[in-house]
Amino acid sequence: MSDVSSGPGRRGDPRRHLREAGVGEAATVSTGVLLDAAVETGEETVETAPVRSNLRLVARRFLRHRLAVASLVVLLLIAALAALAPVVSPYDYNPPLTNEVLDQARQPPSWDHLFGTDRLGRDQLTRVLYALQKSLLVGIGVALLSVAIGVTIGAIAGYRGGWVDALLMRFTDLVLVLPALAVLLILAKNPEPSFFGLFDLPPATEVPGMILVISVLGWMAMARIVRGEFLSLREKEFVEAARAAGASGTRIVVRHLLPNAVGPIVVFATLEVGLAILTEATLSFLGAGIELPDVSLGNLIADAEDTVGTDLSYLLVFPGLVLFLVVLCVNFVGDGLRDALDPRATP
Amino acid sequence: MLKYILRRIAASIPVLLLASVLVFVLVREFGADPARVRCQQSRDPGCRARVTEALGLDASLPEQYVTFMGDFFQGDWGESQRSDRSVAESIRDALWETSQLAFWGVLVSVVVAVAIGVYSARRPYSVGDYVFTGLAFAGIAMPTFWFGLLVIQYATFELQQLSGSSEPFFYSIPNPLGSGPLDYFRELALPVLVLSVQLVAGWSRYQRSALLDELHRDYIRTARAKGLSQRRVVWKHGLRNSLSPLVTVVALDFGALFGGLIITERVFSRPGMGTLLLDALENGDTQVILPWMLVTGSLIIACNLLADVLYGVLDPRVRVA
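Protein chains in written order, with our numbering: chain A, 1 to 347; chain B, 348 to 668.
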């Protein structure tokens, strides 16, 4: 692999030339990236398989996005701490309330208790770590389920077109019109949800039920994106070639169309993780989700709500700070992925 | 133009009807069973069956829908189970409270977002632009309920300690006019601040890219070439044309606010649509939930319609399509 900077795309600055020609700034930057990309793939195909070169290209573009890389590192670190909470923390998140534990109550942050202890002497950092386990599970679960629903609906609409497309997209628009948070509250507040009485669904007080509820309103953007991609992709020559070669509809969608839409799907999934974590915390805060004694970032903050204006307000500050940091990092990673996977999309 | 508007209105009527069906199924089939919520405290084993019958929940779903919509259109929205007020009255009062908060929040946010957007678009990739980009990212990732609580903590209690006053700071600033408009704004200031942070984060990015696009067009170059000052080029020509996408986004978000102010109202204990819904959910007051959803859904659809129409008014090219 030769040094890219010696490639013809970097000879001089093509952007300056374009700018002088009066092309818009948004267009120029992406054209520059596109030029680089073209050059790099060109060089790669000669030496290695095209799929690998593409992946490596994406990885390299992502690594150039320093903020995204730093965010990914922070996220992995937080996830590892949360997953290893029983090992990392010497405390229990819901210890039996013995005198020893109760004696530790209301301690401000110190080296023994980095986030302090709550009114019953429980270590707040430990509680936050266990809450994070739930948040991350919900985030990843919702992203996977929303992508599954969104891609299915978008793929059918985009590939079939016609009245199927019209029907599915009108339905998508309809769901988008509903007041989202209110619908989520109504769904999450149901202690015994069922599917039209046919079979029971898990309640939203636990992680699987929460994932289900948030995913109900999480798929619309994905469906629209995939539909758009498919509508333009299905007219391309390679699809015609596949059809002429006798490929079935399913095969064309799965093997030929989906791989071409992988960029937007990955970016959407990442951003959805952040949104789902925020939504879960909001629902639990409003009392329509994971309930104490199970901990979630939302109900920890709700539990500390009455500490506003008292010496105990550190109980409120830390869980929120962690929540904020996680969502911020996820969004930065998503931004970096967008730059890396789909250079045209970013202005 | 009139034809365009009428066409848009006609197109949104079926949406309204279908949305009402969807809402009905959601609330009745996937929401909590009102009989269960109301019989939580009761020891009577026949309680659930009795309440189910009293509320007409034993009928089939389509039957229930027809009955409900019939009553709804005749203005008979029922009585709230908790208070003796009619549902229509509660919703009207709540809507008034929420509209005030939404109105001031949107007004402040538009002004701030446009100012930030113009600044960033005039100096793209400058230090200031990066600072605002960072703040926008922070605003989008900020959990609203937590931010609201922090605002209360710092704007009132921490400042109270600093100033050494006996009352929470924000509410202890003396009001020379006695009561009246100043008190009104003092009540609204903090909720509006929390609301604006979310809105400005999204809108300022939007305005930045819209104006940036506009400033690279040919007519801007012409305006510069004929010797107009930079200020005039940006504010008179560029800004005007870049506002139409923002206007539609604002109209869309304004609709969403009627159903989305739940968190802000809850944190600041303000009466309004959000508080009404939370109370109804808590108390199993299902008589309130369905009309609530229909009213908010209609408002959202109305604001979508408004966004469509405004877009057509501001950009004549849209009307033809």
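Keep in mind that a hint or two might mislead.
[To be verified] Sample of chain B residues at the chain A side, in silico, Cβ under 7 Å:
1. S359
2. P361
3. L365
4. V374
5. E376
6. F377
7. P409
8. Y412
9. M489
10. L506
11. L628
12. I647
13. I648
[Unchecked claim] Far from chain B, some chain A residues (derived; all Cβ distances over 10 Å):
14. S89
15. N331
16. D339
In short, the hints are calculated from the structure, not lab data. Treat the numbers as computed from the prediction; the structure is a model and nothing was measured. For every residue, glycine included, the Cβ atom is placed at its ideal position computed from N, Cα and C.
Outcome of the hint check:
Proximity of S359(B) to chain A is violated relative to the hint, the smallest CB-CB distance being about 10 Å (cut-off 7 Å). Taking 7 Å as the C-beta cut-off, the interface hint given for P361(B) is violated, the closest approach to chain A being about 9 Å. Annotation: L365(B) was flagged as interfacial toward chain A, and the flag holds, the nearest CB pair being 6 Å apart, inside 7 Å. A hinted interface residue such as V374(B) counts as satisfied when its beta carbon comes closer than 7 Å to some beta carbon of chain A; here the least separation is about 6 Å, so the hint holds.
Hint on E376(B) holds. Least Cβ distance to chain A is approximately 6 Å, under the 7 Å limit. Among the interface hints, the one on F377(B) holds; its C-beta lies about 5 Å from the nearest C-beta in chain A, closer than the 7 Å criterion. Proximity of P409(B) to chain A is violated relative to the hint, the smallest CB-CB distance being about 13 Å (cut-off 7 Å). The interface hint given for Y412(B) is broken, as the beta carbon of that residue sits about 15 Å from the closest beta carbon of chain A, more than 7 Å.
Below 7 Å, beta-carbon pairs count as interface contacts, and M489(B) has one with chain A at about 6 Å; its hint therefore holds. Checking L506(B) against chain A: minimum C-beta separation of about 11 Å lies over 7 Å; hint violated. A hinted interface residue such as L628(B) counts as satisfied when its beta carbon comes closer than 7 Å to some beta carbon of chain A; here the least separation is about 5 Å, so the hint holds. Using the Cβ-Cβ criterion of 7 Å, the hint placing I647(B) at the interface with chain A is satisfied: the shortest such distance is roughly 6 Å.
With its C-beta approaching chain A no nearer than about 6 Å, I648(B) sits inside the 7 Å limit, and its interface hint holds. Separation of S89(A) from chain B is adequate, the least Cβ-Cβ distance of about 23 Å exceeding the 10 Å criterion. Against chain B, the non-interface label of N331(A) is violated: not every CB pair exceeds 10 Å, the least being about 6 Å. No beta-carbon of chain B comes within 10 Å of the beta-carbon of D339(A); the shortest separation is about 14 Å.
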